[in-house]
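*Asks:* Taken in sequence, the protein lines are chains A and B.
Counting along the first sequence from 1, when you hit position 13 you're at 13 in our numbering, and nothing is skipped either side.
Counting along the second sequence from 1, when you hit position 364 you're at 671 in our numbering, and nothing is skipped either side.
Be aware that one or more of the hints could be misleading.
Stated by the list, open to error - Chain A is nowhere near these chain B residues, computed Cβ spacing over 10 Å in every case:
1) G474
2) R754
3) I759
4) P951
5) H980
Said to hold, decoys possible - Dumping the calculated PhoX-like pairs for lysine-lysine here, alpha-carbon to alpha-carbon at most 25 Å:
6) B/K680 - B/K647
7) B/K680 - B/K560
8) B/K647 - B/K674
9) B/K560 - A/K196
10) A/K20 - A/K196
11) B/K647 - B/K693
12) B/K331 - A/K20
13) A/K217 - A/K196
14) B/K708 - B/K734
15) A/K196 - B/K708
16) B/K342 - B/K395
17) A/K217 - B/K791
Keep in mind that the hints were calculated from the coordinates and are not lab data.
Predicted model, so just to flag it, every value in this text is computed and none were measured.
Don't be surprised by glycine CBs; every beta carbon is placed ideally from N, CA and C.
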Amino acid sequence: MTAISTARSKRPSRLASIWKSVSIVFDSRVATVGLAMVLFWVLLGLISIFWTPYPPNAQSFVQNLGPNSTNWLGTDHLGRDIASRLMAGTQVILLKTRLPIESGNFAIPIGVAIWGVIGSLLLGATLGLNAGYRGGWHDQGIMQILDALIAFPRIVLYLVVIAALGQGDLVVILAITVTGAPGVARLARSLALDIKTRDYIRAAETRGESVWYIMFKEILPNARGPLLVDAMLRVGYAIFAIGTLGFLGIGLPPPDPDWGNMVNEARRNIFSNPWAVIWPSLAIASLVIGLNLFADGLREEITRYQN
Amino acid sequence: MFDHQVIQKETPVLNIEDLAVAYKVRGGEIEAVQKVTFDIQRGESHGIVGESGCGKSTVAWAIVNFLGNNGYVKRGSIKFQGQDIVGKTGEELRRLRGDQIAMVYQDPMQALNPSMRIGDQMKEVLTVHRGLSDEEAEKRCIQMLDRVYMPDPENVIKRYPHQISGGQQQRVVIGMALLNNPALLIMDEPTTALDVTVEAAVLDLIAELRHEFDTAIMYITHNLGVVARVASRVGVMYAGEMVERASVEDIFKNPQHPYTQGLIRCVPKLGSEKSSSLLYPIRGRVPPPNNRPSGCIFSPRCDYVRERCRAEHPDLRLIPGTNTLARCHFSEEIDPSLWKPSQDIELPTITAATSEQEPILELEDLKKYYEVKGNSLRDILGFGEKRYVKAVEGATMSVLKGRTLGIVGESGCGKSTLVKTIIGLEKSSGGQARFLGFDITSDIANRDQGLIEELQMVFQNPDSTMNPSYTVGEQIARPMRRFKTVPQEQIRDEVIHLLQAMRLSEAYYDRLPRQLSGGEKQRVGIARALASHPDLVLCDEPVSALDVSVQAAILNLLLDVQHEFDTTLIFIAHDLSVVRFFSDSVAVMYLGQIMEIGPAEAIYQPPYHPYTEALLSAVPIPDPTAKQKRIRLEGTVPSAISPPPGCRFHTRCPRRHLLLDPEICKTIPPWRHVTDLHQIFCHHNLETLNSFDPVITTVDGS
């Protein structure tokens, strides 16, 4: 009864409707756990902007210590506090992107992983909608090129992009965009193929709407749900990719600590001090697993609504 | 076996008492069905009619325990041959379902396994449940296919489901259901997915099986015409309850419950005059299962509602002086012949046919071919011979301003393609088409903005006609913005004005499509089509997906809209009775060709084209006493890639033998002019065509 009366009330406030759509996360235990794991890291990152136990780059301790009461997670091969570095490491992934400007450390909000996913969403959705809605030669051409792109191992693509453009946050974003776009395009194409058969698309066509209007105003809003869930998974992949690049030593540039790079540097002393490898690896794993759980739970909950 | 006879006399095959079925949903449960009581005797065919969502399928699923994970029988009993089957699980029920209860569903293609030969699927029924040997089973299957009038059964069992037509598939499914000689056969809308001519043949089959087999049939349908043809007794369901039960004659002749009376008034009738075939929709809508009224469930929509109806829930009782059970307090006092439409239902203003109007749309020999891509190497390299699907061939017609042209035909006859070509979703392949004097043979990308604005369309499926992401207001406003027919600041007012013309209040402006019912969505779809004040609106089966009571309201609305906006309509339908009621003139299409065109009254009386005659004789009529000539078409619709030469209908024409030289049918027939407006595309001369009897005769004489 209450559900009906709220639905009938004149105009539910925007805030309430947003809360209503967000609250489905809590109907799924999996999504809630995933969200908690992600929020844990976001929160640590936010705190690290203002406070870390010790300065993350200060070499003020004995090298290669295990966990102890001063350095909760131990220290690395240069005597830096691992806990502080892990906290600060969240920033570049999730919270800020450093732009190469003369004046030094200028950064814009939102981290490299997320910008990369936004980039691949924009590029992939545009290509996918074109392929799916227009069909014919557009479809053939776009999908052949994207398939060719998928055929390359990712690492090779990363290496090519970074070798051509040099190191830097923007380059990593570009690398993630290029490697993520084919997947997004495939999804967007399949959604467009389905949605374009609906009568409201015929209605738009009989109004003589432009192809771009139909793709972005009529089709895209209805493809939003699956694309967003997919994007959530892709943030996980992107974090993985950044970790890989960091491990190869060509990822996000210093001075900010980077989890992948931490693993790479600690690897040399893995037998004397395994902790320095374990902690950043765990950090990457927990954040990616959190995002995966969140996306999976969300998808399950959304599709359950539809049935 | 000997005590079988005793059981048969004493206990009905199926006896359902006070059944309630509930579904668990998020935050509670919904009682989809409550207080349903009925029984089916041996050899009886019991119809269950009702609109969508009234719980008729749920009853069937409860019997075979297919309610899914979240459904369960909450109260009551289901006795099958005297045995209560509620609560039985697993193996027992599985045996029962296979052996004694069989079910036929709506879509035969989904009931048959596409990767198995038909013979193998049928044999499985016998080898698993009866333990017959393979050869014995095959012999029985062929016999059964023969009994369901399948042509060439020896060959059919070697085919895959996709290699036979839809009507034949349904025959296979019905035959398969009968293989074990079940005591109860449940049919859930078995002909809804089929064309009328195919449906007619399947209904004939069911009616014959009823006499031949000793099987009790429970026949579920939303179509009153179908139930009149196959059932001996009928139960009418409304909002999860059975509101009336009687023999089929009583239901149609002397309905006792106000809902049944209303339902019968909603259905367009074929036999009667056009002026008397006004449709009276039932006001309001079916209450959702979680919000049913406490008294009589029909009371909010009933014209005879009194204080007691709102307070007290009526029981299903025998109405004195009749053999009818009805769930109504006041049935004795209600006389449907005195019924007058109440003030608040929408009745159309019938436009008197005004004097000569000029044509707004003229087609001359319009063609639409689709190229078929072959799979051979030559085709891929582009050397193969080009083949075409001739979807529309030689369409010639004109539509007068302010009038309605109905286009009827079975699926695949090219009526949708014709409309798509007119509106420009497809480019025509030849011929002339002029709209308001402008050429419209090109597709929409090459048309003038002004022309696009004047041609709009209403679609079939209410669930996909609106974009789920935008509110009603935004969607109706979009054509106004795009064509700039209304100044920016007046758009909201204009949209609200249109909503009111659709009998929707201003409150709908901010609603999203998922908050609307099917009928409301269709109203919004019509409003959107009218937003740019087009001269011609093409309606592609706008009511075929709606319930009858909603359908009546939408049809009346369209008539009213036409009156108010002076719009010309082209109305596609497969239902001849709807078209009759709605159109000024009618075109009958078969396999891309127009067979007959003329004023609506003329089409439904002789002289007919033989195809029109066959179509009319196939329409199920909601009147068990009406006499209908029985003409059934042989074979299936030929492929449109290589249609028969000359008259495309000649391969199936039941009147072909009347011609002295049947070979003449392979040449293009002449247009026979009955009157200036009424033309028939046939080799028969007018005398022969005139000699055909009327297809439908009702008892009251029209």
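*Asks:* Next pair to validate is A/K217 with A/K196; report whether the Cα-Cα distance is within 25 Å.
*Replies:* holds (12 Å)
*Asks:* B/P951: least C-beta distance to chain A exceeds 10 Å?
*Replies:* holds (31 Å)
*Asks:* Can the restraint linking A/K20 and A/K196 be considered satisfied, given a maximum Cα separation of 25 Å?
*Replies:* Distance ~29 Å between A/K20 and A/K196 Cα, so the pair is violated.
*Asks:* Hinted pair, alpha-carbon criterion (25 Å max): B/K342, B/K395. Please report holds or violated.
*Replies:* Answer holds: B/K342 to B/K395 is near 21 Å, not above 25 Å.
*Asks:* Given the hint that B/K680 pairs with B/K647, does the C-alpha gap stay at or below 25 Å?
*Replies:* Not satisfied, since the Cα-Cα distance of roughly 59 Å exceeds 25 Å.
*Asks:* Can the restraint linking B/K331 and A/K20 be considered satisfied, given a maximum Cα separation of 25 Å?
*Replies:* Given pair B/K331, A/K20 holds - Cα atoms ~22 Å apart, limit 25 Å.
*Asks:* Check the non-interface label on B/I759: least C-beta distance to chain A beyond 10 Å or not.
*Replies:* Nearest chain A Cβ is 4 Å from B/I759, so the label is violated.
*Asks:* So is B/R754 really clear of chain A, every C-beta pair being over 10 Å apart?
*Replies:* violated (7 Å)
*Asks:* Measure nothing beyond the straight line between the CA atoms of B/K680 and B/K560; if it is 25 Å or shorter, mark the hint as holding.
*Replies:* violated (55 Å)
*Asks:* Does B/K791 sit within 25 Å of A/K217, going by the straight-line distance between their CA atoms?
*Replies:* Distance of about 18 Å is within 25 Å: holds.
*Asks:* Holds or violated: are the alpha carbons of B/K647 and B/K693 at most 25 Å from each other?
*Replies:* violated (62 Å)
*Asks:* Over 10 Å from every CB of chain A: does B/G474 meet that, or does the non-interface label fail?
*Replies:* holds (26 Å)
Consistency note: the structure conflicts with the earlier hints numbered 2, 3, 6, 7, 8, 9, 10, 11, 15.
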